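Start from the sequences, fold in the hints, and give me the full structure.
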Amino acid sequence: MKSTKYLLIGGGLASSQAAKQLRAHDGRGAITLVGEEPYVPYDRPPLSKEFLRGEKRGDELFFDPEQYFHDQDIGLVLGVAVQRLNLDDKTAILANGEAMRFEKALIATGGRPVRLKLPGGDLPGVHYLRTLDDSDAIATEAAQGKRAVLIGAGFIGMEVAASLTQRGVRVTVIEAQPHIWARFADATLAGFFQDYCTQKGVTFHTAEMVTEIRGHDRPSSVVTRSGKELPCDLVCIGVGIVPNVELAHAAGLKVDNGVVVNEYLQASHPDIYAAGDVANYQDPVFAKRRRVEHWGHAEYCGQLAGQNMAGANNTYDLVTYVWSDIFDLHLEFAGDETEHDQVLFRGRFENRSFTVLYLKRHILTAYFAVNASSKEFPILQHLIRHKRDLAGRELQLQDPTYALKGLL
Amino acid sequence: MSKFVKVATTDEMANQLAKHLAMDGEKIALFKVGGAFYALSDTCTHRGGPLSEGDVEGTEVTCPWHGAKFDLRTGAVLGPPAQTGVKVYPVKVTGRDIEIEI
Chain H
1 MKSTKYLLIG GGLASSQAAK QLRAHDGRGA ITLVGEEPYV PYDRPPLSKE FLRGEKRGDE
61 LFFDPEQYFH DQDIGLVLGV AVQRLNLDDK TAILANGEAM RFEKALIATG GRPVRLKLPG
121 GDLPGVHYLR TLDDSDAIAT EAAQGKRAVL IGAGFIGMEV AASLTQRGVR VTVIEAQPHI
181 WARFADATLA GFFQDYCTQK GVTFHTAEMV TEIRGHDRPS SVVTRSGKEL PCDLVCIGVG
241 IVPNVELAHA AGLKVDNGVV VNEYLQASHP DIYAAGDVAN YQDPVFAKRR RVEHWGHAEY
301 CGQLAGQNMA GANNTYDLVT YVWSDIFDLH LEFAGDETEH DQVLFRGRFE NRSFTVLYLK
361 RHILTAYFAV NASSKEFPIL QHLIRHKRDL AGRELQLQDP TYALKGLL
Chain B
1 MSKFVKVATT DEMANQLAKH LAMDGEKIAL FKVGGAFYAL SDTCTHRGGP LSEGDVEGTE
61 VTCPWHGAKF DLRTGAVLGP PAQTGVKVYP VKVTGRDIEI EI
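From first to last, the protein sequence lines stand for chains H and B. First residue of the first sequence? That's 1 in the numbering used here, and the numbers climb one at a time after it. First residue of the second sequence? That's 1 in the numbering used here, and the numbers climb one at a time after it.
The set of hints was computed from the structure by calculation and includes no laboratory data. Quick caveat, the model's predicted, so the values are computed rather than measured. Beta carbons are placed, not taken as given, at the ideal position from N, Cα and C, and that holds for glycine. What you were told as hints is all true, and nothing was included just to trick you.
Capping the alpha-carbon separation at 25 Å, the derived lysine to any residue pairs in SDA-like fashion look like this: (1) H:56 / H:112; (2) B:87 / H:373; (3) B:69 / B:37; (4) H:375 / B:73; (5) H:49 / B:47; (6) B:69 / H:64; (7) B:87 / B:58; (8) B:27 / H:62; (9) H:56 / H:325; (10) H:254 / H:241.
Computed Cβ-Cβ distance ranges for the label pairs, DEER-style: (11) B:26 / H:71: 27 to 37 Å; (12) B:3 / H:176: 53 to 63 Å; (13) B:20 / H:361: 30 to 40 Å; (14) B:34 / H:406: 17 to 27 Å; (15) B:76 / H:328: 26 to 36 Å; (16) B:76 / H:143: 38 to 48 Å; (17) B:20 / H:191: 29 to 39 Å.
These stretches of chain H come out as covered by chain B in the derived footprint (C-beta under 8 Å, 3 or more residues): (18) 297 to 303; (19) 321 to 334.
Okay, here's the thing in structure tokens:
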């Protein structure tokens, strides 16, 4: 039976970062990274942006070339899933039948797109976006003049809408909520984005659902709940992801909307860690359990898990953030917007440069910045992390000419 | 062929510590620290943040987006989340002209 000291399950950002930290902190311990996709760990954000627009090639997305793993003596097993974990004798069974003994393992299996059960939903030309191959398949079909229907207007949905429009595809977005980004944006803020994207050529149908995808061997139209039939050549569905917890669950680890880990990212078995999209972790900044699907969180978690697997005792301490690029709007979001009782606008969105501040009991919980001065981000993150009482500061927060440093 | 190109004057930089320069498709950040000038790529290797808007302490700049730290003198990474350094450009001051080699 093969054996490794550290087994990294999952071939994404978190595993890649963990491998680097493990090698930095344990120069000799055997590290093995097992990934289901046939590629070395790569960067996913460009899949809805630069790669989809044809501005970057697939090999430009790899964090490190294969040679790097050889040089660092990090074993790679690619194109192979881990099928089973046996925690009693700390053995993993791989899909190729091999067994591998380990001392410590990281579960960084990420998530997979929620699949819609729709008539016609399995037709070729109906896409989900998670992997390089997914994005490649969309790009191949997204020729000038084609018509695409996008179901779901989250960050990725809107990025795909922008990228396909920039490729000359005629894009229609269908969103079940009354407006896009209903989770954190009110109708005014969402309206700003929808109007902006409409000017660029995107068509929206909100408070609307697709009930059927029609077509023989490819989609030719979608039918909506209100009875519209919209002709199309391809369909992209982006309605969220579910964490890949099956392996952890079957192994007997505690699972509750993700693999439950403590502030050290340790699962209910002390030699098992989880990181990234799949981890349900204790967030000390917001004093609650969260599962976060952001790139920066996966990067941070991978590093933290790697350090702790190698013997450190570091605790999670990140103000989570996410960014997005939609046409020429750069968005930076940080914090936890689900907790707020007050929303303040800093700047005017007519100027296409503003920051939305979310507060709860006068404490900043999140910000959402659009083409805003990034000099303010570290200050805003500081206010979130240290829970500064901002009662009575509302006018200053709303005044873009006021230097936020004065609130520190 | 690289050559020295005038990008600013010492008068312009009298009251500022950093300046963004858009040069032939390259984004460059020019910093002034204690009378010395440093030029480096204005695109953070982490996620592309503008280093010219970052806080500077000594010869260390912190990217305003996600906190990566770089050495102004060498471009080397001094703190995560960036993994690779940024390009630096030689700077020389001729009279009042600040020139960088690109």
